[in-house]
Each structure stands twice: as C-alpha cells, then as structure tokens.
Amino acid sequence: MDEIMSKNNSEYLIERNDNVYEVVIGLEVHAQVTSNSKLFSSSSTKFGAEPNTQVSLVDAAFPGMLPVINEFCVKQAIKTGIGLKAKINNKSVFDRKNYFYADLPQGYQISQYKYPIVGEGNVILDMPEGQKQVGIERLHLEQDAGKSIHDIDPSNTLVDLNRSGVALMEIVSKPDLRSPDEVNAYIKKLRSIMRYLGTCDGNMQEGSLRADVNVSVRIKGSTDLGTRCEIKNVNSIKFMQMAIIYEANRQVDLIEEGQEIDQETRLFDTKKNETRSMRSKEDAHDYRYFPDPDLLPLEVTDEFIDKLKSEIPELPDDKKKRFIDEFKVSPYDATILVSDIDTAKYFEEVVAKMGKNRDMKLAVNWITGELFAVLNEKNIEIAQSPISAKNLAKLINLIKNGTISGKIAKTIFELMLDGDIDPQIIVEEKGLKQESDPKTLEALIDKIINDNREKAIEYKQGKEKLFGFFVGQAMKASGGKANPQLINEILKKKL
Amino acid sequence: MSEITSLTLYELIKNIKEKKISSNEAAKSFIDRAEKSKKINVYVTENFENCLKLSKEFDDKPNFDLKLPGIPIAVKDLFCTNEVRTTAGSNILNNFVPTYESTVTQNIWNEGGILLGKLNCDEFAMGSSNETSFFGNVQNPIAEDLVPGGSSGGSSAALAANLTPVTIGTDTGGSIRQPASFTGTVGLKPTYGSCSRYGIVAFASSLDQAGPMSKDVKDSSILLEVISSFDKKDSTSIDFKRNNYSSELTRNIKGLKIGIPKEYRVDGMPEEIEKLWKKGIEYAKDCGAEIIDISLPHTSYALPTYYIVAPAEASSNLARYDGVKYGLRSSGKNLIDMYEKTRSEGFGEEVKRRVMIGTYVLSSGYYDAYYLKAQKVRQLIKQDFDQAYNKVDAILTPSTPSSAFKIGEKSNDPVSMYLNDIFTVPVNLAGLPGISIPAGVDKNNYPLGLQIIGKPFDEQTVLNIAYSMEEKINYKNNITDWWMK
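Protein chains in written order, with my numbering: chain B, 1 to 495; chain L, 1 to 485.
Hints listed in this document are in silico derivations from the structure and should not be mistaken for laboratory results. Do not rely on the hints blindly, as some may be mistaken.
[What the hints assert, rightly or not] One side only, chain B facing chain L, incomplete, derived with CB under 10 Å:
#, residue
1, L13
2, D103
3, V159
Since we're looking at a predicted model, the values are computed, not measured. Cβ atoms here follow ideal geometry from the backbone N, Cα and C, with glycine treated the same way.
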C-alpha cells in the first residue's frame, strides 16, 4: 500500500496517484448501562451466569407481559448525558424497532427513535498535537437482544436470553473523527467519562462497549461527505482501527478505479482483517418504528435533572485541570493520571497520605513507572494493586526525607509486593536505612582510600574516571545503604 | 337447581351470604348446565373439576366479607390464567399454559371468585362475530345460527345462556359492548387505564381494555369495583380515585345532561335502530335527564382511523408468536422457514389480514400517510369528546348499527364486518368509558342495545344512567334453551 501516515501527529491520510484522501468516521457506541436490573424488567444483569437463568417473563416476551421502565437506568442515561455536556430532553419517547430474529423475543426492540433522552453534546480528546472536540449527536436508551449461539449444537442454533432486555445507551457521534488514533482516543475518553460516572463499566471483553463504525473517505480539503459504509458491531478498539484502515483503503481504491461506493452495512472479519458486505441499502430492514403503546412518553423535570447534576463527580477534564493547577503536575502526566478513574483515585490518595512535605514528581514517577510496570506484568487493574496508596506514599516519603536511597527504594518496592508490607517495617527489619552520618561515612571512606593508595594517587594525577570506582567501593562497603550524595561530597573533599 | 343459574350476580352473592346456596351448589349448577350446553361452544377450556374443588374449600372455610364470595366465574380466553391453558382463540397458543395470572383475574380470585373455565373468543380478539376463533363458532343463545357478537362472543353467549353469573371481556373496538348488544346483556368498557392490561394477551395496546359483562347494570358495578385497580406492572394503568361503584350506584340522574351526537345518524342505518335511539332518548328524559344535541364532527373518520391504529399495534404485538419460545412451532428448513410455517399454520385468516394491514401502514414511505395521520385524527376525535363534555355529562347512542346477524353472513366481507364497530370504536380511540345496555328488539326479536358514553374516569355516572334507564326499559331476554332440545 502506498499510503502515507504522518506519525508525528494523529492524522491519517491515504495517497493514491497524487490524490490525498482523508477518512471521515462517526461512531455509534453501544454502552451497557451499569445497573443491577434490566431496562424494563427486574431480572439480574450479572455477566457470566448460566444461560437463560436471568430471564423474566417480560424478557422472554410471554403473552400479556408489559415493560415497566427502570428509573435507575434513566438516571444513568441522564448522568451520562451530563458527562457529555449534552442537552437532556425533558420528554423522550420509546419506540418499537420491529424485526424478526430468534434472540429477539418480542419481535421488536424497544428503543428511542425520534425523541432520544439526550441531545447534542461533545467530548474533548487529548491528541499529541493538542485538544480536539468531537460532537455528540444524541444518546438514547434501548434494550439489548439475547444471544444466538451457533457453535454448540451442529444442527441447531441455541438462544441465551440472559442479555435480552439489558439496558444499553447508544451514543452517536457526529462524523468528526479523522483517524484510527482519534477513534482510539474517543473510545477511551468516552469509557473514562462513563467509568467516572459509574454509568458503564466499559468492559469490552464482556461486550459492555461495542460500536458500529461509519466510514467514508473524501479528498482532503473537501467539505462534502462521501458515501458511507457502516461496519457493524465491532468489539475492540484494535479491531475498530483495523476495520477503518481496511475500509478506508477499499473505498479509496474503488474511487480511484472510477467506481461508486454503495451505501451498505458491512461486517469486519477479524481473522482475515477485511470488511465484507452484509446487506446493501436496498436490502436494508424496514424497522417500522412506531411509539411503543405499552409505554407512556418519558418525562423528566428540570428538578430531576438538576438533582442528578448535583450528584455528578469531578470528571476527567476538570480533574486534569485541577491536577495541573493544584499539584503542578505536567499536562502530559495529568492526562495519564486522569484517564482512568481508579488511577486518579490512587494518585490522589498517595498525594493525601504523603502529607505536607509531598513530592509530586516522585509520586507521578513511581505510579506511572514502577507501579504501572507491575500492573502490566501481572495484567491487573490499579484497583487490585498489590501495593496500597498508603504504603506507596510511605515509600516515597522515605526517599524524600533521605531515609532510603532511590535504589534501595526499588528493592523495598519489590519486597512490598508480597502482601502490601509497610516499607518502614522492611527498612527496619532488613536494616536498609540509609547511612547519612558524616562521621561514619568519613571513617568508611578513609579506610577505602587507605586500602587503595595507588588508585587515589592516580586519581589525583588526573585519572578522574576512578572517582566512580571509589563511589562503588563506598556503596559496597556500606551494603548499599550509604547516602550517595554524602559519599560524593566526602570523596571529593578527601581525594 | 336450575334457578341458581338464572340469578343475577347480586342475587347469587346474597343467597350465598345468607347460606341459602353454597358455593359448591352454585358451581355444580353452572357446570351441569354447561354439560348440556356444549352445542353453543362457549368453552375453550373447562376448569370444572378444579372449580368444584375450590368451591368446596370455600364452603369449608367461607369468607363472606369478600365481594365475590365463592362465586364461580368463566372468563374470556384472552386473560392469562395460572396453570390453566390460555389460547386467545388461536392455534398458535393452542398448547400454551401460563405460569402467571393476569391482574384483572387475580383481582377476581382475591375477592373469592372461582374460575369455571376459559371462554371462546375471536382469535386474538380480532372479530365481531366470534367466527375467527380457532375453536369454532359460538352460537348466540337468542336464536340458532346467530352470531353472539365478538370478540367476546363466548362471554356474551355464556352470560345469556346462564352458564356464568357474570363474566369479563376485553374491548379494543367494541368487543364487550357489541356482543352484549347482540345477546341482550350488559357490557361495560371502562376508561383506558382503569383495568390493568398485565397478563391480557395484547391485541392493540393503546385501545385494549378489560371490563365486566353481566345480566344487569348492578352486576357490572359490582364486578367493575373488583377488577379496576391501579397496577404498577402496567405503565398505562392510571392511579385515580376509584368509586365504590356498587354502593354508590343510584337511579337519581335528575338534571344530568345527556348529549345526542348527530353524526351517529349514519346512512343506511336500519329504521329500527333509529327508533330504538329515539325510545332511549325518551327513557332518559323520563329518568329526569336533560337531552342536548351535540356534534362529534370527526366521527366518520373513527372507523378508518381505528383500522389503521389497531392493526399497526397488532402487527407488532403478534410478532412474539414466532415458534421460538412457546406455543406452536412448525418445523422448517431454517429460521425463516420455521417462522413462515409456524405463523402460516398458527394464525387464521383475519389475524393474517390485520398483521398485513398493520405491517403495511407502518412501512417506511407509508407511515406518515397512514399511521401518523391516524394518530392525528385520533387526537381530533378525542377533542370532539372533550368539547362535547363541556356541555354534557354523558352521551347516548345506539351500540351497534344492526342486531345480531347469521353465522357466515358477513364472514367473507370484512368491511361490512368492520362496520359493526362504527358506534363503539370512537370510544376506544378516545379512551372513554362506555356501556351497552339492552333496550329493545328488532323485527326478529333479536336484542338491540343502547350505548352510554361517559367522561374519562366517570364510570359512576355511566353506570347510574344505565341503571336508571334499565329500570324504565325493563328489558327481559327470552331464552328458550333451544340448544338443549
């Protein structure tokens, strides 16, 4: 492929025969609402239960069963709307989207079509070249379908209705995204906001976050939108990016060959890394949307919305600003620290436990360096960190007040991993306290200089490289505990 | 024993409370009579054994504080009944046994009622003659080969034939009032939101409403008091102050204003209907009511509006009968084939027709012209009534444009069948309460009904007017038990 990708920023362009194309992307993200019970029934939503054990008569669409809206899910959707700085609609309507499928018990999905609960909003992305605003078109509530399982029985499809009726928020972006990198940043930001709000856990492996990706291409600089294709139900950021790259190049190839792009729905084959036509516009379902007569229009008062607004926690953008202003953290570090609510919480706890004489730089470095490395290695989240924020703060304070050296701290950190042990106890038990008494260190250095007379002379004669040798000897003699700064000072004086 | 079955609900309750009749005796009487009445085909599913058992249990430990103490009652087979087969008159639910109870029937059992059995009806309540039922025609006890009306035809026939002291039906476009009119009985459709729809097999959700059917007005007031309740399980159920309909029932309607809508004088209406209406106006005057001419200008649009809205909702409501989860499943080569075979074999002609109409009017490109327009007209029809109720307390009309017709007479002419609902559908579209009371007979001695339409939630006034007029009309069915001979 002769595409050019400028890697110094997040731009993604495709060049063919002197034409430079940009890709235009809009996402329809389906985010599962964090809620113990389903959108219109009281069944549990717990992930991973035995098939068909979390199914009420409503979820299985038995005759005469009626949906009753779950107020908590409505609150969650409104909170998410507030997090997206979006307009909350006082009146929204549930519609029926009619189609037949084995895992859709009612023969229709209850969704919101003309009047969604949340209107226009926006999300700020932190890209390497600066911030970018992505528009939100709408957010609406809808039911999830069940799951058809084709690979258990050789001749039958099995249906699991546990997911049937679970509340989803469909968050539709404007076609504002221009590259796979921006898609990555957008999904992560969306997930971050929802995790801060507690409205969606964003767990893509469990299917809590999936997206339909709308892709079109156009000559860079053009303001017209090209014909788009919708890639259905992609469930990881990596696959979204792969699908976009494949699809954008496919469309450019077609245009360059003088062909038209059909507006169609496509599927992404993760094994072959290609998108395939699923159905064309002509075959598109006629969903026969109409207002669900079993449900009255959903009306929420301004007071109801205001009350929810008052319950909104500090969100990543505000937190980042505060970290920069209050803690003097760099914008780069702040972005990393706020991207995940648990990381931010951990950081703030470390800061609090460090007390008055806190060292922000040390705290940031230890969290994003040593701690992240361990979490990565163990493949766990910071919420399950083997070292508590309290003990990490203690360790940082021990470095800050000169009790231990940075090097020793790393040894102690390793020991702390085994059951979140208090670093103070490790220092005492293992005698790892830094030796900072000048008299002791002077005596120690005198002995080393005495034992290595010749080398001391060579040094004095100008072989400055030997300074490192003496530092090494001194550290060794102290069992690594000598305060390196003091060793330096004394050696300079004595040699 | 035969007298027991001809008692009104009120009389039967009185006799049971006074221990003159036991619950078990009552159950036996109705069951004995049912055994001799198979010919009129009211039952889809009998619950006789269980009814006898439960009535005995009631007699062993009677509770006379209940509103329906040990009263055996048969109900339309559209109400889901726990562990008793519920078919909605359809082959597709031929084998369906719910594990749950509709709120309306539960309310009846809570007050001491005992289920006699499930009554025949048009398939998914779609019909005006009970001819669309998978379980066959129902005979009108009035005369042989006459339809009992529909869709609650089994209910109206059972009532007229003295096979149940009282019953419940559902009314989407007239399915309680029209069969009541055809059988010389009383049928009340309450305000939309008065009786819970939970557990009732849905036809058209925005129109469906359960209601009492009885031999006289007082009985309807007793039953309405039992079945009307606010229910959180139905989002369209309304939490309003419900009257004690039976104890507040009065014949004093002096000074009430009753409207006569000129638009109900439709072209081609038989003269005897016109005469009946005039007679009704005189009765109302005799009762002390003031008669006022009113206009409901959008009346003529009600029927076409109804036949867009109801099939649209039905086409979606019936999508769940797909052979996947319960009910009939025909085997097919693949999923689509299975759907097609199941629904082809499971649904009858009328249901298919309405599913097709409904699918059509909701289709993209047709939605605005049909469904959306129908919704707008529906608003206008509601407004007509709102404006009329600024001037009057209730409205008096005929219940149907004709008396009961012969079985088979209209079954190949759907439009003429649909015209049966012309006076009843506006009431459903506007969500109002309406009652049909027997008011006279036609030249064949077939009963004719008058309809009283009330303000929303004002069932009490509707009942009071009906109660008062009923006394003046003094109608009596002349049932010869011809089917037993």
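Now for the hints, and whether the structure bears them out:
| no. | hint | verdict |
| --- | --- | --- |
| 1 | L13 | 37 Å, violated |
| 2 | D103 | 9 Å, holds |
| 3 | V159 | 7 Å, holds |
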